[in-house]
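J.: As a plain string of letters, each chain reads:
Number of protein chains: 2
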Amino acid sequence: MNTGELSEQIKKKGSYLCVGLDTDVNKIPHCIKSEADPVFSFNKAIIDATAIYSVAYKPNIAFYESLGIEGWKSLEKTVLYIRKKYPEIFLIADAKRGDIGNTSEMYAKTFFETFDFDAVTLSPYMGFDTVAPFLKYKNKWSILLALTSNPSANDFQYSEDKNGLRLFEKVMSVSKEWGENIMYVVGATRAEMLADVRKIVPDSFLLVPGIGAQGGSLEDVSKYGMNKHCGLIVNSSRAILYADSTPTFAETASREAEKVQKEMDAIIRLMDR
Amino acid sequence: MNTGELSEQIKKKGSYLCVGLDTDVNKIPHCIKSEADPVFSFNKAIIDATAIYSVAYKPNIAFYESLGIEGWKSLEKTVLYIRKKYPEIFLIADAKRGDIGNTSEMYAKTFFETFDFDAVTLSPYMGFDTVAPFLKYKNKWSILLALTSNPSANDFQYSEDKNGLRLFEKVMSVSKEWGENIMYVVGATRAEMLADVRKIVPDSFLLVPGIGAQGGSLEDVSKYGMNKHCGLIVNSSRAILYADSTPTFAETASREAEKVQKEMDAIIRLMDR
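Protein chains in written order, with numbering that gives the first Met the number 0: chain A, 0 to 272; chain X, 0 to 272.
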């Protein structure tokens with residue numbers, strides 16, 4: 000998918016919501032646990048309940064991997080289900096991979112060929128070599144970690160170089176020269192930083208985790224981070240997935256997604272004026 | 000495994016060689032491709048041929064993942080085979096994971112419980128939160144990327160802060176306070192840097208990729224990086240795995256591993272004097 004199509008979907012749905020499929024077998028409702036593939040059944044119900052309010056889904060690969068072979072089967076079914084029923088969705092593998100050369104090529108093949116994801120999250124620590132194999136794919140996206148939403152992001156990401164450039168800023172200013180198909184992860188818990196981010200990458204799409212359970216504000220994120228093409232994909236995982244642990248979980252997830260979408264729609268309209 | 004046991008094995012085998020199981024279905028000998036599980040058959044032959052000369056194996060997780068479910072099955076069989084037949088081996092998952100919170104917990108569970116690895120490679124970009132769940136496991140090891148062997152390691156790892164500390168040095172000086180069970184990746188292609196590394200982490204084990212196909216020198220790595228407990232695990236992948244593409248590949252791999260081991264044994268003896 001290209002960003003023109005993504006922006007078009009955002010406009011059409013009045014939403015820049017990404018639902019994070021952090022599907023944890025220990026957290027899914029009891030009523031669904033007896034199904035043959037409870038992870039896929041849960042995902043399917045969540046997707047059908049929220050697709051009208053979302054432009055993207057982001058399976059968190061760790062949750063599937065941790066289940067071994069069964070987990071990969073659930074992931075495969077989830078990807079195929081979205082691709083078939085909701086072809087307009089931007090599909091992100093939250094994998095945070097970061098390797099080089101032939102290994103990185105393998106990862107690109109896994110996520111862009113074996114699975115037909117539109118984008119994959121990558122760690123920039125090893126530099127250009129990590130990203131290069133992913134950039135060879137047309138209309139596929141590398142989403143680099145820049146400023147993350149966790150407390151210990153401070154350990155290294157704020158480290159200033161001799162020119163006062165912080166590491167997360169350096170990651171963006173260096174990597175934006177690598178190619179067109181790059182987006183960035185910028186955590187919602189540091190919304191005011193989005194203004195600094197926009198000075199470096201005014202036109203890039205940003206994937207913003209951290210609203211909902213992690214406490215970031217959608218209003219602040221949008222105020223500091225939105226550009227004229229929207230330029231934001233805001234993720235919510237737990238606040239939508241686990242809002243209700245009873246048999247009505249899908250309806251509740253739908254209402255939670257709708258709430259976010261309504262807020263987003265109002266913000267988009269405000270920005271358009 | 001604890002480092003005392005690892006050092007004991009190094010002494011016993013006269014080797015600090017790690018064989019990287021970067022098993023690529025496109026590169027394994029033609030004669031083995033008709034087997035039911037060619038990846039596992041290849042690994043098994045390589046392991047049996049090299050275990051006497053090695054203290055560690057390091058499956059490169061990307062290569063298995065890229066094959067989907069079949070790949071995970073091959074990995075599982077490989078891990079179980081080593082655990083059963085060569086219980087003295089230090090088993091490293093080269094996964095370069097780097098996530099936070101519940102995702103990081105999932106990864107720890109995958110590599111330390113679902114699979115019984117001794118260690119896993121991790122990217123430090125997101126800070127302590129990435130490593131914390133792994134440090135909860137007794138006698139299991141987090142191997143943090145510090146200075147990697149690829150050309151674009153320069154992009155960020157050499158970035159100097161206001162005090163002249165380079166990012167790879169900062170990663171070590173900050174993370175060594177997080178817990179005992181941490182090792183570091185330091186590439187062999189920058190052997191002279193190992194002297195700087197040893198100023199910060201004199202006692203830690205270092206996993207050193209980049210000898211063989213990537214061009215690093217074992218002699219230089221050992222000269223600058225070895226401490227009194229050896230403190231080095233030096234990896235070779237392609238130079239051992241793909242030295243021979245005919246039915247004699249295992250014998251050739253054995254000879255290649257033996258060559259490295261003999262050189263290591265001589266270095267250990269020299270250092271012991």
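No wet-lab data here; the hints were simulated from the structure.
Mixed in with the good hints there might be a few duds.
Note that identical chains are pooled: a pair holds if it fits in a single copy or bridges any two copies.
[To be verified] Quick list of in silico lysine-lysine cross-link-like pairs, DSSO-like style, CA-CA up to 30 Å:
| id | residue 1 | residue 2 |
| --- | --- | --- |
| 1 | LYS198 | LYS83 |
| 2 | LYS198 | LYS72 |
| 3 | LYS76 | LYS32 |
| 4 | LYS161 | LYS198 |
| 5 | LYS139 | LYS72 |
| 6 | LYS198 | LYS32 |
| 7 | LYS135 | LYS26 |
| 8 | LYS32 | LYS72 |
| 9 | LYS11 | LYS222 |
| 10 | LYS222 | LYS43 |
| 11 | LYS26 | LYS175 |
| 12 | LYS137 | LYS261 |
Quantities reported herein were computed from a predicted structural model and do not represent experimental measurements.
J.: Go through the copies and call it for LYS11 and LYS222: within, between, both or neither, with a Cα cutoff of 30 Å.
T.: Result: close within a single copy only, 21 Å intra versus 63 Å inter.
J.: Could you place LYS139 and LYS72 in one of the four classes (within, between, both, neither) given a Cα distance threshold of 30 Å?
T.: Both ways: LYS139 and LYS72 sit 23 Å apart in one copy and 28 Å across, limit 30 Å.
J.: How would you label the pair LYS198, LYS83 (within, between, both, or neither) given a Cα cut-off of 30 Å?
T.: neither (38 Å within a copy, 56 Å between copies)
J.: For the identical chains here, do LYS198 and LYS72 meet the 30 Å Cα criterion within one copy, between copies, both, or neither?
T.: Result: close neither inside a copy nor across copies, 42 Å intra and 47 Å inter.
J.: Have a look at LYS198 and LYS32 and pick one of within, between, both or neither, based on CA distance no larger than 30 Å.
T.: Neither way: LYS198 and LYS32 sit 47 Å apart in one copy and 53 Å across, limit 30 Å.
J.: Please work out whether the CA atoms of LYS26 and LYS175 approach to 30 Å or closer within one copy, between two copies, in both situations, or in neither?
T.: Cα proximity of LYS26 and LYS175: none, with 39 Å in one copy and 34 Å across.
J.: Please sort LYS161 with LYS198 into within, between, both or neither, judging by C-alpha distance up to 30 Å.
T.: Both. Shortest intra-copy (19 Å) and inter-copy (22 Å) distances satisfy the 30 Å Cα cut-off.
J.: Have a look at LYS76 and LYS32 and pick one of within, between, both or neither, based on CA distance no larger than 30 Å.
T.: both (17 Å within a copy, 28 Å between copies)
J.: Please sort LYS222 with LYS43 into within, between, both or neither, judging by C-alpha distance up to 30 Å.
T.: neither (33 Å within a copy, 57 Å between copies)
J.: Could you place LYS137 and LYS261 in one of the four classes (within, between, both, neither) given a Cα distance threshold of 30 Å?
T.: neither (33 Å within a copy, 48 Å between copies)
J.: Could you figure out if LYS135 and LYS26 sit no more than 30 Å apart (CA to CA) within one copy, between two copies, both or neither?
T.: Intra 38 Å, inter 22 Å, cutoff 30 Å: inter-copy only.
J.: Up to 30 Å between alpha-carbons, please classify LYS32 paired with LYS72: within, between, both or neither.
T.: both (16 Å within a copy, 25 Å between copies)
Violated hints for the displayed structure, listed by number in ascending order: 1, 2, 6, 10, 11, 12.
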